[in-house]
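Colleague: Read off the chains here:
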Amino acid sequence: MRTLASFWRDIAIAIVALAVLVYVGIAAETPWTRDFLTSLFAYGLLAMSLNLLIGTTGLVSFGHAAFFALGGYAFGLLLQSSGFLATFGPGAVPVAFVLAVAITAVWALVVGLICARLSEIYFAFLTLAFQMFLYSVVLSWVGLTGGDQGLMGGIPRPVFLGIDLSDPIHRFVFCAAVFVVSILVLRVVTASPFGYTLRLIRDNPRRAAFLGINVLRAKVISFVLAGSVASVGGIILALFTSGAYPEWMYWSQSGQAIFMIMLGGINQFFGPLLGAVLLRFLNDMVLAYTEYTELATGVAILLVVLGLRRGILDFVVDLVRNRRERTQQSEASASLKRGPDVSPDNKAATLETVTPRA
Amino acid sequence: MVNVEALATCLSSSACIVNQLSSGLIIGMLLFLVASGVTLIFGVLHVINFAHGTFYMIGAYTAYTIYTVTGSYFLAAAGGALGAAIIGVLFERFIISRVYGENILMQLLVCYAFILIVDDLVKIIWGAQYLAMGVPDVFRMPPLRIAGGFVPPFYVFLVAVAVVILFGSVLLIAKTRFGKIVRAAAHNQTMVSVLGIRVPLYFALLFGFGCALAGVAGALAAPVRSLTPGMGVGILIESFIVTVIGGMGSITGAFLAALLLGLVRSIGSIGFPLFVDGAMFAIMAIILIVRPQGLLGQGEVR
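These protein sequence lines map, in sequence, to chains B and W. Quick note, the first sequence lines up with residues 1 to 358 if you use UniProt numbering. Quick note, the second sequence lines up with residues 1 to 302 if you use UniProt numbering.
By construction, these hints were calculated from the structure, which means they are not laboratory data. Idealized CB from N, CA, C, for every residue including glycine. Misleading hints may appear alongside valid ones.
Stated by the list, open to error - Derived CB-CB ranges, DEER-like: (1) Ser-72/W / Pro-31/B: 39 to 47 angstroms; (2) Ile-197/W / Gln-329/B: 36 to 44 angstroms; (3) Ala-8/W / Arg-309/B: 38 to 46 angstroms; (4) Leu-211/B / Val-194/W: 37 to 45 angstroms; (5) Val-194/W / Leu-282/B: 43 to 51 angstroms; (6) Ser-12/W / Leu-282/B: 35 to 43 angstroms; (7) Ser-72/W / Leu-216/B: 54 to 62 angstroms; (8) Gly-234/W / Arg-309/B: 44 to 52 angstroms; (9) Gln-129/W / Gln-149/B: 34 to 42 angstroms; (10) Val-156/W / Phe-36/B: 29 to 37 angstroms; (11) Phe-139/W / Leu-282/B: 43 to 51 angstroms; (12) Ser-72/W / Val-142/B: 52 to 60 angstroms; (13) Ala-19/B / Gln-189/W: 30 to 38 angstroms; (14) Ser-12/W / Pro-205/B: 51 to 59 angstroms.
For reference, chain W alone in the conformation it holds in the complex (with noise of 0.2 angstroms):
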C-alpha cells in the first residue's frame, strides 16, 4: 500500500520536495481559510455550521460566472467573497438563528437541508458538469524556479492572501471595536445587549464574516480546481478534521492544523495515494485519543 520507492525518489531530489512542498501548501491555505470561518462561527456563536463548505462552492462559483464576464480576476475573488457573505447573512438570519440554542440535532438537519438545497441550485443555474476557470491572464507569467522546482506564481499569491488574511482576522477579534464586542457577547449575550448593542445584528456580521473567507477559499481554489456541485462537502470534511486537529475556536491552532493536512496530502499522494484520506483521519482519530481538546484548544470537550 505504502510505495517507499516513490517517496524516496522524491525525498532525495530539492525539485520534487519544492513542487511537493508548494502544492502541499496551497492545499493547507484553502483548508485554513475554510476552517477558520468554522472555527470563528463556533467559538462566538457555538454554532457548528455543518454548511460551511457550501459557501466555498458558492464563493468559487461566483468568482467564476465574474471571471468570465469581466476578464478581472481580483474583482472576481472580491466579488466571490461578497456572494458568500450575503447568502451567509441571509442563512444566519432565515434560518441558523432559528435553532440557536435548539439540541444540535436540528442544527445539523437545517444545514443538510441548505447543502441539499445550494447543490441542486448550482446544479440548475451551472449545470451539473465539471466547470474549469483556468490560470487568470494576470498570472499567465513563466513560473518561479526555487531550487530546481517550479512555482506557479499564483501559489505565491494564494498563500500571501491566506497568510493576510490569518493575520486580518487574529488582528479583527482580537483589537478592533467589532472583535470586542462580538467577544463579549458570545460570553454574556444579555449584558451586550442592555448596553444598547445589537447584538444579533453582530452575530450576522460574524457569520457573514466566516462566509466571506470560505467564498474567498473557493474564489483561490477556482483556478487550481475544477469546479463541481457538491464540492462543498469533500472541503468541509476536510476543514472539520482541520478544525478539531488545531481545537475548536482557535485560528491559529487552525493554521498549524490545515499546514500538517496539507503537507500530508501533497506527499501522501506520492507515497500512499490510496490511504491519503486515511491518514488524515488517523492523525484526527490520534488526536482525539491523546489530546481532545486539539492543538491549541482549551476548551471542554468531554
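Only chain B is shown next, with the shape it has when bound in the complex (with noise of 0.2 angstroms):
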C-alpha cells in the first residue's frame, strides 16, 4: 500500500492524460487524429517498454518487436479461430487480450533465460537471431499465419461489456484506456525500488551482485515485463489494422523502435514517446515529398546520433541544466566582483570560479 501511496501523482496524472486523450479523440473531426493517435500507442508502447530495457536495465535488445508482433499475431490467431469464438463467447476479446500477454510472456521468459546472462554484443545478437527465427517461423508456416500475406480476414471482436470494438469511438477510448494503464505500470516499476535495482545494475552488475540482488533473476524479470508490454502494443496495432503483418517482426522494426528511444531520449521516462511522435512525423512528412523514407531515416539518425550524440529530451534537460549552473556561476563571480565575502556558503562557488576551467 505504501508504494501505491507515493504513486497517487502518476495515477493522477494518468487519469488526466487520458481524459484528454479520450476528449481529442472523440471531439476530432477527421479520423486522421484518432488513427494517427491509435498507431502512436501500439508504437509508443514498443518504444516504452524497449526504454525498461535499454535505459533502465542496460540491456541492449536487438529483438523487441519479436514481442511487438507476437502479441498482435497470438491476438488475431485466438479470435480467428471458431472454437475460441464459441467457447468463451462474449468474453472472448478480453480472454483473447490476456492470452496474447500471457503467451507473449513465456517467450519472452525462453528467449530472457537463455538470452540475459551473455554479454552486451552477444545478447543485442542473440535477441535479434531470435526475432528473425519467429519471423522465419511466420513466413513459412503459411496455414497458420498467412506468410507474407499476413493475418487476412479481419479480426472478429464480439461486444463485450458494452464496448463494442469494430465502433471507431468505442476503439479509440478503449485502445487510448489500454495504452495509459500500460504507462502506468511501466511508471510504476522504473520508480519502485525494483526500478532502482534494475539502474543498480545497468550501472554496476557486480557491485549489486555483491548486495545480494539476483542479477540475473532481476534482468529476465525485466525482459519479461518489457516483452509483455510491448504485446499490448502489438495488440492494439492488430485491433487498429484488424490483421497482423510479419512486417511487424522484421528486424527494422526493432531498429526503429531503437531509433526511437535513442531520438526522444533515454534517460527520461518520457523520451520514448517524444521519440514515437516524432519518427511517425518524420515518416509522415518525407512520404509526403519522396518515396525514399529510408533514406531520409537513415540521415536523420546519422544527424542525431553523431550530432547531438543523445536524444532530443536529454539534451534540453542538458541544455536547462548547464544554463543554471552557468548563471550561477556567474552569480558567484559577481559577488566576487562586489569584494570579499568570506561567508563559508560562498566558499565553494569563489574557488570554483578561481580555477581555470578545461
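These two chains come separately, so use the hints to put the complex back together.
Modeller: So this is what it looks like as C-alpha cells:
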C-alpha cells in the first residue's frame, strides 16, 4: 500500500491524460487524428517498453519487435479461431487479450533465460536472432499465419461489457485506456525500488551482485515485463489494422524502435514516447515528398547520433541544467567582484570560479 | 514438417548427395567470406559491424555493373572487392570511428542508418527489381561429373577463391608486418601510436579489408544469386550466426561454422524446406547455451 501511495500523483496524471486523449479523439473531426493517435499508442508502447530494457536495465535488445508482433499475432489468431469464439462467447476479446500477453510473456521468459546471461554484444545478437527465427516461422507456416500476406480476413471482435471494438470511437477509447494503464505500469515499475535495482544493475552489475541481488533474475523479470508491455502495443495495432503482418517482426522494426528511444532520449521517462511521435511525423512528412523514406530516416539518425549524441529530451534537459549552472556561476563571480565575502557558503563557489576551467 | 522420404531418397543416391554437397559448399563459402570480415573487424576494433551485409550488396552490384560494361568477370570481381573496400574505409573514417568506445546502442544505430541509406541508394541507382547476372562467359563450359552428380565449374572457382582467401587472411594477420601492427594496436593502442605508427590509418585499412572480403563474396554470389536491395540483411544475419557458432574473432572457427551452416541449408532444403532458418537458429541457440564462446572462440562472453 505504501508503495502505491507514493504513486497517487502519477495515477492522477494518468487519469487526466486519459481524459484529454479521449476528449481529443472524440472531438476530432477527421478520423486521421484518431488513427494517428492509435498507431502512436501501439508504437509508443513498443518504444517505452524497450526503454525499460535499454535505458533502465542496460540491456540493449535488438529483437524487441518480436514480442510486439507476437502479441498481435496471438491475439488475432485466437479471435480468428471459431472454437475459441464459441467457448468464450462475449468474453472472447478480454480472454484473448490476456492470453496473448501471457503467451508473449512465456516466450519472453524463454528468450530472457537464454540471453540475459550473455554479454552486451551477444545479447543484442541473440535477441535479434530469436526475432528473425520467429519471423521465419511466421513466413513459412503459411497455413496458420498467412505467410508474407499476414493475418487476413479481419479479426472478429464480439461485443463485451457494452464495448463494441468495431466502432471507431469505442475502439479508440479502449486503446487509449489500455495505453495509459500500460504506461502507468511502466512508470510504477521504473520508479519503484525494483526500478532502482535495475538501474544499479545497469550501472554496476558486480556491485549489485555483491549486495545480494540476484542479477540474472532481475534482468529476466525486466525482460519479461518489457516483452509483455510490447505485446500490448502489438494487440493495439492488431485491433487497429484488424490483422497482423510479418513486417511487424522484421528486424528493421526493432531498429526503428531503438531509434525512437534514442531520438527522444533514453534518460527521461517520456523520452521514447516523444521519439515515437517525432518518428511518425518524420515518416509522414518524408512520405509526402519522396518515396525514399529509408534514406531520409537514415540521414536523420546519423544527424541525431553523431550530432546531438543523445536524445532530444536528454539534450534539452542537459541544456537547461548547464544554463542553470552557468547562471549560478556568474552570480558567484559577481559576488566575488563586489568584494570579499568570506561566508562559508560562498567559498565553494568562489574557488570554483577562480580555478581555470578546461 | 520433416520430409523424411525425400531426405532418404536423396541420401541413397550419390548424384543427389554430390549436388547438395556442392551447393552447400558454395553457400558455406559465401557465408564464410562475409563472416570472416565481421570477425576480423570485431577481433581488432571491438566493434560489431552490423552493416557488414551492406558491403556484400555493394560488391554484388558493383560487380554486376562492371561485368555488363566490360564483359570481364575477373575485372568485375576485383572491382566489387575494391568498391566495397573504398566505401568501407569512408564509412569507417566518417561514421564508425566516431562511435568507437561509445556504447553499443550508438554503434547499432549508425549501422542501422547506413543500411537504410545504402539500400535506398541502390534502389535509386539500380532500381528495386531483381537483377540477374547469369553465369559469366568464362565459366560457360560443361559441368564436371562427379559420382553421377553435376558440379558447375564456377562452383569450383568460387570454393577455390574462398579457400585462398582463408589462408591469405590468416597469413596476413599472423605473419605480416601489417597483421602484427594491427594486433598490437588492438591490444594497446596508445603504446603502438607512441612508437610512431598511425593507428587510425591501420584501423581504417583493416576495416576496408574486412569490407573487401564481403565485397568479394557479393561479386562471387552475383552469378549464382539474384541481386536485390536488402540482400545484405539476409546474409548479415546468417553471417552473425556463423560468427556466434564459430567463436567471435576466430577465422578458422568461422570457416567451420560456415561449412556447417551451408550443409544444413542445402540438405535442409530437401528434408525440411520450411524449417531451414529455424534449424540454423536452433543450432546457434544450442551452441550458445552449451558453449557460449563458440566452437573455437576464447573470449569471455558472460
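Colleague: A separate judgement is required for each hint: does it hold in the structure or not?
Modeller: Hint-by-hint comparison with the structure:
Look at Ser-72/W against Pro-31/B: about 58 angstroms separates their beta carbons, and that is not inside 39 to 47 angstroms. One distance hint, 36 to 44 angstroms for the beta-carbon pair Ile-197/W and Gln-329/B, holds here, with the actual separation near 43 angstroms. Between Ala-8/W and Arg-309/B the beta carbons are some 59 angstroms apart, a value that contradicts the proposed interval 38 to 46 angstroms. Remark: the range hint 37 to 45 angstroms for Leu-211/B to Val-194/W is upheld by a beta-carbon distance near 40 angstroms.
Evaluation of the 43 to 51 angstroms hint for Val-194/W and Leu-282/B yields a pass: the beta carbon distance comes to about 45 angstroms. Remark: the range hint 35 to 43 angstroms for Ser-12/W to Leu-282/B is contradicted by a beta-carbon distance near 58 angstroms. Between Ser-72/W and Leu-216/B the beta carbons are some 57 angstroms apart, a value that agrees with the proposed interval 54 to 62 angstroms. Between Gly-234/W and Arg-309/B the beta carbon distance is about 31 angstroms. The supplied range of 44 to 52 angstroms is therefore violated.
A hinted range of 34 to 42 angstroms for the beta carbons of Gln-129/W and Gln-149/B is inconsistent with their spacing of about 21 angstroms. Hint check: Val-156/W to Phe-36/B, Cβ distance near 57 angstroms, so the stated range 29 to 37 angstroms is violated. The given range of 43 to 51 angstroms is respected by Phe-139/W and Leu-282/B, whose C-beta atoms sit roughly 47 angstroms from each other. At about 43 angstroms, the beta-carbon gap between Ser-72/W and Val-142/B misses the expected band of 52 to 60 angstroms.
Ala-19/B and Gln-189/W have their C-beta atoms about 57 angstroms apart, which leaves the hinted 30 to 38 angstroms range violated. For the hinted restraint 51 to 59 angstroms between Ser-12/W and Pro-205/B, the CB-CB distance of approximately 54 angstroms keeps it satisfied.
Against the hints set out earlier in the document, violations occur for numbers 1, 3, 6, 8, 9, 10, 12 and 13.
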